[in-house]
Amino acid sequence: MKSSLRIFAAVCLISLIFTALWADVRAEDAKKAEIQPAEAPKEAPKVLMPPLEVSIEKGMCLYIANCAACHGPCGLGDGMAIIALKNRPRNFRDEQFHWVSSDDGNASLGDLARTIRFGRREAEMPAFPYLLDEDVRSLDLYVRSVNRDGVLVKLTQKLAGKPKMTPERIAGLATKQTKPGTEVPWSRPSTGYQTDTSKGRALFSANCASCHGVDGRGNGEALKNAKDSDGNPIIVKARDLVGETFHGGSQPIEIFRRIRSGISGTIMPAQKSLSDDEVWQLVQYVQRLSKYRSAQ
Amino acid sequence: MFKLQDQSARIGLALLGLAFCAHASAYDEGTVANGGSISGFVYFDGAPPARTPLTTDATCPHAVLSEDVVVTKPAAKDAGKEMNRLANAVVTISDIKKGKAFETTAPTLDQKGCVFIPRVVVVPAGGKLILLNSDSILHNIHTTSDLNKETNMAIAPAGKASAKFEEPEIVKVRCDIHAWMRAWIYVAESPYSVATGGDGAFKMDKVPAGTYTVTVWQEKLGEKKAQVTVKADKDEAIEFIFK
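Chains as they are written, first to last, in this note's numbering: chain H, 1 to 296; chain R, 1 to 243.
Treat the hints as calculated values from the structure; they're not laboratory data.
Where is the CB? At the ideal position from N, CA and C, for every residue including glycine.
Check the hints yourself; a few may be wrong.
As the list claims (entries may be wrong) - Cross-link-like lysine to aspartate or glutamate pairs, in silico, EDC-like; alpha carbons within 20 Å at most:
#, chain 1, residue 1, chain 2, residue 2
1, H, K162, R, E219
2, R, K220, H, D149
3, H, K164, R, D28
4, H, K227, R, E150
5, R, K149, R, E169
6, H, K164, R, E166
7, R, K225, R, E239
8, H, K179, R, E166
9, R, K149, H, D103
10, H, K162, R, E29
11, H, K58, H, E134
12, H, K158, R, E169
13, H, K291, H, D228
14, H, K162, R, E169
15, R, K98, R, E150
16, H, K162, R, E223
17, R, K160, H, E278
18, R, K164, H, E124
19, R, K172, R, D95
20, R, K160, H, D277
21, H, K227, R, D28
22, H, K154, R, D95
23, R, K149, H, D149
24, H, K162, R, D146
25, R, K128, H, D103
As the list claims (entries may be wrong) - Examples of chain H residues toward chain R, derived with CB under 7 Å:
#, residue
26, Q177
27, K227
28, I267
29, K272
Make a model of the complete structure from these sequences and hints.
Written as structure tokens, this is what we have:
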């Protein structure tokens, strides 16, 4: 009892001393404040947040810190972590961005931002929710510049020496082919679309079954005779929509974008000849096909 | 740090390049008074290569013949011009900078009976190309080219879509679902580019008087060039012979 009283007294004493000291400091501050106003600017600064700093330099630092482990120091998709991954990370230099929502097949600002912020969990790309808007925009600039470098090299190999093909023109083409795309506008599905599956089934067999197979298992007839642009047979695989996860994302809007804008740089085409409602019918049908639907 | 400076220098160069291209490839549209015209035929000398049937899909209605070189025999009335006529060749004035306006109706590329129709379609650079599918099965349009970005679009049965090509060049088109299907999109810099029909004939009107280089291109046989001087209100006849 005695000891606790002593402690109580000690605490009181210490806090008294601190309060006294604090009061002194406050008094000095107040004195300073009295002097200050004459020197301080008349108008208080209006901007409370620092301006957004978006730069390619910042993008590079963020890339090294956050992305290089998987995507590699030069963006070739060959980072140290690939030994632990099932899927190969994107090679920014030599491949196109796959998960686009644009009209022309170029990744929009939103496409890269969504991939960075929310990740592509089905393809093992993690989410980076802690990055600020300016960080994401800076990363967009940097990653896109790596992509442009790769396109520039390819175009130069193909076009150098041809008439009218100056280095400046080739550089201009590379910039044009990698600039951010404009997103295709979309409307919400009309109410009640989820009750009718027959339309979705009919649309699927007319528009998807030739590659993805009638049952959606990725065993369509068309891909058995697939050839590249020079007529050489190639092996192409369509996603098994029943047994595999959707790498572009399994949310309805993500499937919608995949159908509407296709997967750039692959055989999966953009479907622009169907109405928004028809695409939503397909989205619903494809979601029902997947064995992972209960997890969604 | 050097890398970064290099990067911004490249972006600067690219912008400069864009400005330069816009200037260099500009074609001025206007009205042409007292324009002449260039007309003629594209011939194929000798026995034409046989048109072989291509592998057909069970869903496609009939056997499709290859269309690399399509010729027609001349009609009986064309005595003295016994050479075969070459279809699907594009004749263009390659060095014209100013002249008539582009057509306002957009050209069409159809897919019918598992064949692209026409085999060669001419579309103005930056202009709209209407893509159709007249079949009851799915087709896609997959382009390969250098200057324009690859386009890959599915066209639903009886569906319709459109595409644009900004850079003048010859774009190769295929349908991945039916591997034999081929077409060419000739993205033209000026309205003075025309494809020959089945009779191998072509005509370009409203050509301002002057001397031009006229080029003909055919997918398999390559290119030929000729110098042509056009006089006001006169037609200049030329012919191209491929072997």
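Results of checking the hints against the structure:
For a cut-off of 20 Å, the pair hint linking K162/H to E219/R stands: about 18 Å separates their Cα positions. Between K220/R and D149/H, the direct Cα distance comes to roughly 33 Å. Violation of the 20 Å bound is thereby established for this hinted pair. Only pairs whose Cα atoms come within 20 Å are accepted, and K164/H paired with D28/R is accepted, the gap being roughly 19 Å. A hinted pair counts as satisfied when its Cα atoms are at most 20 Å apart, and K227/H with E150/R qualifies at roughly 16 Å.
Our distance criterion of 20 Å between C-alpha atoms is met by K149/R and E169/R, whose separation comes to about 12 Å. Proximity of K164/H to E166/R is assessed by CA-CA distance (about 16 Å); at most 20 Å being required, the pair is judged to hold. Among the hinted pairs, K225/R with E239/R is consistent with the structure: their alpha-carbon atoms are about 11 Å apart, no more than 20 Å. Between K179/H and E166/R the CA atoms are separated by roughly 14 Å; this keeps the pair inside 20 Å, and the hint holds.
With a CA separation close to 12 Å, the supplied pair K149/R and D103/H stays within the 20 Å bound. Restraint check for K162/H and E29/R: the C-alpha separation of about 27 Å exceeds 20 Å, so the hint is violated. Taking the CA atoms of K58/H and E134/H, the gap is near 9 Å; set against the 20 Å cutoff, the hint holds. Taking the CA atoms of K158/H and E169/R, the gap is about 14 Å. The hint holds against a cut of 20 Å.
The hinted pair formed by K291/H and D228/H fails the criterion: a straight-line CA distance of about 32 Å is larger than 20 Å. Among the hinted pairs, K162/H with E169/R is consistent with the structure: their alpha-carbon atoms are about 12 Å apart, no more than 20 Å. Of the supplied pair hints, the one linking K98/R and E150/R is violated, its CA atoms being roughly 30 Å apart against a limit of 20 Å. Between the alpha carbons of K162/H and E223/R the distance comes to roughly 15 Å, so the proposed pair stays at or under 20 Å and holds.
For a cut-off of 20 Å, the pair hint linking K160/R to E278/H stands: about 14 Å separates their Cα positions. The suggested pairing of K164/R with E124/H is violated, with an alpha-carbon distance near 35 Å, which exceeds 20 Å. Our distance criterion of 20 Å between C-alpha atoms is broken by K172/R and D95/R, whose separation comes to about 23 Å. Our distance criterion of 20 Å between C-alpha atoms is met by K160/R and D277/H, whose separation comes to about 16 Å.
Between K227/H and D28/R, the direct Cα distance comes to roughly 41 Å. Violation of the 20 Å bound is thereby established for this hinted pair. The straight-line distance between the Cα atoms of K154/H and D95/R is roughly 28 Å, outside the 20 Å bound, and the hint therefore fails. Under the criterion of a C-alpha separation no larger than 20 Å, the hint pairing K149/R with D149/H is consistent with the structure, at around 15 Å. A C-alpha spacing of about 12 Å is found between K162/H and D146/R, which places the hinted pair at or below 20 Å, so the restraint holds.
Of the pairs offered as hints, the one joining K128/R and D103/H holds, with about 14 Å between alpha carbons and a cut-off of 20 Å not exceeded. Taken as an interface hint, Q177/H checks out: its beta carbon lies about 5 Å from the nearest beta carbon of chain R, inside 7 Å. A distance limit of 7 Å between C-beta atoms decides the matter here; for K227/H the minimum to chain R is near 4 Å, and the interface restraint holds. The interface hint given for I267/H holds, since its Cβ lies 5 Å from the closest Cβ of chain R, which is under the 7 Å cut-off.
Because the beta carbon of K272/H sits about 4 Å from the nearest beta carbon in chain R, less than 7 Å, this interface hint is met.
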